[in-house]
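Produce the entire structure from the sequences given, and follow the hints as far as they go.
Residue numbers (this note's numbering), protein chains in the order written: chain A, 1 to 523; chain B, 1 to 375.
Take the hints with a grain of salt, since some may be wrong.
[Claimed, not checked] From chain A, some residues computed to sit far from chain B (all C-beta separations above 12 Å):
id : residue
1  : Tyr129
2  : Pro174
3  : Met205
4  : Glu356
5  : Arg362
6  : Arg393
7  : Lys445
8  : Ala503
[Claimed, not checked] Which residues of chain B face chain A? A partial, calculated answer using Cβ under 10 Å:
id : residue
9  : Tyr101
10 : Phe104
11 : Ser187
12 : Ile211
13 : Glu221
14 : Ala233
[What the hints assert, rightly or not] The list that follows gives simulated cross-link-like pairs (lysine to aspartate or glutamate, EDC-like), each with its CA atoms no further than 16 Å apart:
id : chain 1 : residue 1 : chain 2 : residue 2
15 : A       : Lys116    : A       : Glu140
16 : B       : Lys229    : A       : Asp342
17 : A       : Lys200    : A       : Glu465
18 : B       : Lys240    : A       : Asp136
19 : B       : Lys223    : A       : Asp136
20 : B       : Lys229    : A       : Asp351
Hints in this document: simulated from the structure, not taken from any laboratory.
Predicted model only: the values in this text are computed from it and were never measured.
Glycine included, C-beta positions come from ideal geometry on N, C-alpha and C.
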Amino acid sequence: MENYIIEMLNITKEFPGITANDDITLCLRKGEIHALLGENGAGKSTLMSVLFGLYQAEKGEIRKNGMVVKINNPNDANNLGIGMVHQHFKLIDIFTVLENIILGVEPNKMGFLQKKEARKRVIKLSEQYGFEVNPDALIEQISVGMQQRVEILKMLYRENDILIFDEPTAVLTPQEIDELMEIMREFAREGKSILFITHKLNEIMAVADRCTVLRKGKLMGDVAIKDTTKEELSKMMVGRNVNFKVHKETKELGDVVLSVKNITVSSKIHNNNAVKNVSFDVRAGEILCLAGIDGNGQTEFVSGLTGLEKTSNGIITLCGRDITKATIRTRSKSGMSHIPEDRHKYGLVLDYSLEENLVLQRYWRPEFQHFGFIKSNAVRSYAEKLIKQYDVRSGQGAITPMRSMSGGNQQKAILAREIDKEHELLIAVQPTRGLDIGAIEYIHKQLIARRDAGKAVLLISHELEEVMNLSDRIIVMYEGEIVGELDAMTTTVQELGLYMSGAKSSIAKENDNAGQYQKGGEN
Amino acid sequence: MQDNIKKVGKTRGFSAFTAVLLAILLGLVFGYIIMTVASPANSFLGFQILLLGGFKRIGDVFYYATPILMTGLAVGFAFKMGLFNIGASGQYTMGMFFALYVGFMWKLPDSVHWLVCVLAGMAGGMLWGLIPGIFKALLNVNEVITSIMFNYIGMYLVDMLIQGNATMYISSKTRTSYLPTSAQIPSLGITNSSVNISIFIAIIAALILFIILNKTNFGYELKATGFNKYASAYAGMNGKRNIILTMVIAGGMAGLGGAFAILAPSTIAGSSMTYEPVSVIAANGFNGIAVALLGNSSPIGIIFSALFVSHIQRGGTLASLYGYKPEIIDVVIAVIIYFSAFAMLMNTMVGNLINNLFRKNRSKKFLPVDPKEGA
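Below, the structure written as C-alpha cells:
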C-alpha cells in the first residue's frame with residue numbers, strides 16, 4: 001500500500017439522465033503534481049466538485065491519509081486542507097486583495113476586523129513565492145494573472161496542502177503560464193500535493209508527475225508522465241488518434257471584403273476607449289486572426305464591428321458598402337455572419353427549440369413567412385436539412401430544447417446557421433471555447449472550408465494553438481490597439497506571446513494618447 | 001410506466017401546470033386555516049361555499065372574469081417579452097373613460113354604438129400602454145416605474161375629466177349617470193346576472209394573442225426578446241419597435257377590460273354600470289397581475305386562471321352568509337398569489353420529489369431481488 005494523501009475510491013456521481021462519474025478512483029501522492037485530463041463533459045469538474053464538497057457522490061468513499069472522511073461542503077474540504085482555484089475566479093471585484101484573501105476566515109476581535117496580522121502574513125507569503133501582489137490593490141484593477149495569484153494566496157493563507165487548479169492556464173499568456181508552472185513545481189517541492197485539471201497536453205507533459213484520464217465519465221487510466229507520450233494521452237482522452245495539425249492549402253487572395261479604418265469604441269466599464277484607432281483589411285480567401293489576451297478590447301471591437309454597440313469613430317466597409325452606422329439586420333443582409341463569443345448570451349435563445357434557433361437569422365425571409373405568419377413546415381424542413389448536413393446531434397431532432405443540448409452541438413448549430421446564410425465575411429469569436437477535441441477539429445475544418453470557398457474569415461481567439469494553426473495572417477491587440485501584424489507561417493508562439501503581453505510592439509504610436517489611459521496595478 | 005411518468009414530469013407545460021395546482025392547493029389550505037381561526041364553528045361550511053358557491057352563480061363568475069381576463073392578458077403578454085406591465089390599472093381606467101366618453105357624447109346608430117365604445121376603450125388603453133412603451137424603448141426608462149406613475153396619472157386624470165363633464169357626471173350622486181342602452185354590451189340573458197357577450201370577445205382576444213405568440217414572426221421575436229434580449233439584438237430584431245408594439249397591444253387588452261366592465265348591461269332595466277371617481281386605483285388591474293402569474297403568462301392559461309379567480313371571488317362573497325367578511329377571500333387569493341410567485345421553486349421541488357420517490361422504490365424493490373434489473 002502506497003502512501004497516498006488523498007484517495008477517491010470508486011466514486012459514482014449521477015445526475016438525472018447522466019452518470020457524470022462512473023466508478024472512478026483517483027489517488028494523489030504527497031508532493032506530486034497530478035494531472036486530471038479529459039475532454040469537456042468527461043467528468044473532471046464533477047469529480048473535483050465531489051472532492052471539494054460541492055456535490056455528494058452516490059457511491060464510493062474519500063480517504064485522507066488512509067482515513068475515511070466525509071466532505072459535505074467546501075468548509076469541510078478546507079478543514080482537511082483542500083483548496084481550489086476555480087476556473088472562474090471567486091473574487092469580489094470591488095474588494096482589495098487582502099479583503100478577498102481573508103474572506104470567510106476574517107480575523108476579528110469581538111466582531112471587529114483585525115487586518116494587521118493578516119496583512120503581514122499575506123505580504124510574507126507573497127514574498128516567499130515571489131508573487132509581487134499588492135495587498136491593497138482592488139481586484140478590478142489588477143490583471144487576470146494577478147487575480148489568479150490572489151486565488152493561490154487564498155489557499156496558502158488557509159494553509160491548504162492539497163491544491164486543486166481547475167484549468168488555470170486558460171486565461172494566461174505564455175509567459176505567465178511558465179511562471180505558474182514554476183510556482184506549481186515549487187509547491188510540490190515543499191510537499192504540497194497538486195491536482196491539475198486541464199485538457200492541454202503540452203502543460204501536462206511539462207509539469208505533471210502522473211496523469212489520470214477520464215472519458216465520458218469513465219476512468220481510462222492512470223499513467224506516469226515519464227512513461228507516456230502526448231499522442232498516447234490524447235488517444236486515451238479522445239478514444240482515437242487526433243490530428244493536431246490542421247491541413248491547409250495555400251490560397252490566392254481575393255478582393256478586400258472587410259475594411260476597418262480608425263475604429264474607436266468606448267468602454268462600458270471605465271471612462272476610456274476600449275478600442276483605439278484600429279484599422280485593418282480582411283480579404284476574400286484568408287483567415288485573419290485577431291489575437292490577444294482576453295480583455296484587451298477584442299469583445300468591444302467585435303461589438304462595434306457587428307453593430308451590437310456604437311462605434312465612436314472610424315469607418316467600416318463591407319464589400320464596398322459603408323456599414324458604419326447600419327443596423328445589425330442590414331449588416332447581416334450585406335453579408336456578415338457572426339459566431340458570437342458568448343453563445344449562451346448572444347448566439348442562442350436557450351428556451352427555444354433547435355429549429356427555432358436555426359432560423360434565428362432568417363425567420364423573416366419570404367421562404368419562412370407568409371404575411372407575418374411563420375411557415376412551420378418550411379422551418380422544419382430547413383432545420384432538418386441543416387441538422388443532417390452539419391451533423392448536429394440532439395435528443396429529439398428539430399424540436400429539442402436548445403438548453404438540453406451539449407455545448408459542442410449548440411456551437412455546431414450556430415455554425416450551421418451562420419455558414420448556411422449567404423455571407424462574404426464570417427466573424428468567429430472564440431469559436432471553440434469550451435468544446436471537446438472532436439468538436440474543435442470539426443469547427444476548424446469548417447472555418448478552413450469557408451476560407452477555401454473564397455470567403456473572408458475574421459477569427460478572434462485567445463488560444464495560441466488555434467491562432468497558429470488556422471490563421472494566414474495574425475494581428476495582435478493589446479490594450480485596445482493593434483500592436484503588431486505577423487505572418488502565421490514565419491512567426492513563433494514566443495514572439496506572439498511577447499506581442500500579446502505588450503512587451504513588444506512593431507507599430508509606432510503616432511497619435512499617442514496612452515498618457516490618459518491608465519490601468520492601475522498592472523505592472 | 002415509471003419512466004413514462006418521469007418523462008411527463010419533465011415536460012415544461014406539465015411542471016408549470018403542477019406548480020400552479022400546487023400553488024392553488026396550498027393557498028386553499030392556508031385559506032381554510034385562516035377561516036378556521038376567524039370563526040371555527042362555521043369554517044367547514046364556509047369553506048365549502050367558498051369552493052363551490054361560484055357554481056350557483058355561473059353567470060356572475062363569467063361576468064367578473066371578463067375584466068380580469070383582459071388585464072391578465074395585458075400583464076401576461078407584456079411579460080412574454082420580459083416587460084412587467086404593472087400599469088394595467090391605468091390602462092384599464094383609461095379604457096373605461098374612453099368607452100364612457102363615446103357612450104355619453106357620441107350619437108351613433110344603436111346597432112354599432114356599443115361596439116364603437118368598446119373600440120374607443122381599446123384605443124384609450126393603447127394610448128396608456130404606448131407612453132411607457134416609448135419611454136422604455138427610446139429612453140430606457142424602466143417600464144415598472146413609468147407604468148406605476150401612469151396608474152396615478154390616468155386615475156386622477158379620468159376622475160378630473162369625469163367630474164368636469166356635466167353630461168357624464170351627476171354631482172349629487174357623486175358618480176356617472178346611466179349610460180344609454182345602445183352603449184351597453186348585449187346581455188347573454190341570464191337572469192340576475194350582468195354576463196354579456198364580452199366574455200366571448202375576451203376569450204377570442206386570448207386566442208388571438210395565443211396565435212400571435214406562437215404562429216407569427218412578431219410572436220417569435222417577442223418571445224425571443226423575452227427569453228434572451230441579447231440574442232434578439234444579435235439576430236437583428238428591432239427591439240425598440242417590438243417594445244412599443246407589445247406595450248400598445250398590452251394596453252389595448254387592459255383598455256378593453258375597462259370598456260367591458262363599464263359597458264356591461266345592468267340587471268335592472270333603465271340603469272347601467274356607473275363609475276365613481278373616488279381616487280382609487282382600479283383593483284382589476286392588479287388582479288390582472290395575479291391572473292397572469294397563475295396562468296403562467298400563457299393566454300390559454302390566463303383564460304382559466306381568470307375564471308378560477310372569479311369563481312373563488314364569487315364563493316367568497318357567498319361565504320359572508322356564514323358570517324365571513326369578504327376580506328377573508330382577499331386574504332385567500334393573496335395567499336394563492338404568494339404561492340404562485342414560488343411556482344418555479346415548486347417546479348424543482350415537485351420534480352425532485354417524484355424522482356426521489358421512484359429512486360427509492362427502485363432501490364428497495366428491484367435491486368436486492370434481481371441485481372441485473374439495472375442492466
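- Agreement of B:Lys223 and A:Asp136 with the hint, judged by alpha carbon distance not exceeding 16 Å: Violated. B:Lys223 to A:Asp136 sits at ~46 Å, over the 16 Å cutoff.
- Task: With chain A as the partner, please determine if B:Phe104 meets the hint condition of a C-beta pair closer than 10 Å.
- Result: Violated - the Cβ of B:Phe104 stays beyond 10 Å from chain A, reaching only about 38 Å at its closest.
- Interface-negative label, A:Lys445 against chain B, beta-carbon threshold 12 Å: Its Cβ never comes within 12 Å of chain B, the nearest being 25 Å, so this holds.
- Query: Would you say A:Glu356 is clear of chain B, with no C-beta pair closer than or equal to 12 Å?
  - Reply: Violated, since 7 Å does not exceed 12 Å.
- Message: Please verify that the nearest CB of chain B lies beyond 12 Å from A:Pro174's CB.
- Response: holds, 32 Å
- Message: For A:Ala503, is the shortest CB-to-CB distance to chain B above 12 Å, so the non-interface label stands?
- Response: Its Cβ never comes within 12 Å of chain B, the nearest being 35 Å, so this holds.
- Message: Can you verify the interface hint for B:Ser187: is its Cβ closer than 10 Å to any Cβ in chain A?
- Response: violated, 36 Å
- Closest C-beta approach of B:Ala233 to chain A relative to 10 Å, hint status: Check passed: Cβ of B:Ala233 comes within 6 Å of chain A, closer than 10 Å.
- Can B:Tyr101 be said to touch chain A, with a Cβ gap under 10 Å? Hint on B:Tyr101: violated, closest Cβ of chain A at ~33 Å, above 10 Å.
- Task: Classify the hint on B:Ile211 as holds or violated, based on whether any CB of chain A lies nearer than 10 Å to its CB.
- Result: holds, 8 Å
- Task: Please work out if A:Lys200 and A:Glu465 have their alpha carbons no farther apart than 16 Å.
- Result: With Cα atoms ~10 Å apart, A:Lys200 and A:Glu465 stay inside 16 Å; holds.
- Query: A:Lys116 and A:Glu140: Cα distance at most 16 Å?
  - Reply: Violated, at about 23 Å.
Taken one by one, the earlier hints fail for this structure at numbers 4, 5, 9, 10, 11, 15, 18 and 19, listed in ascending order.
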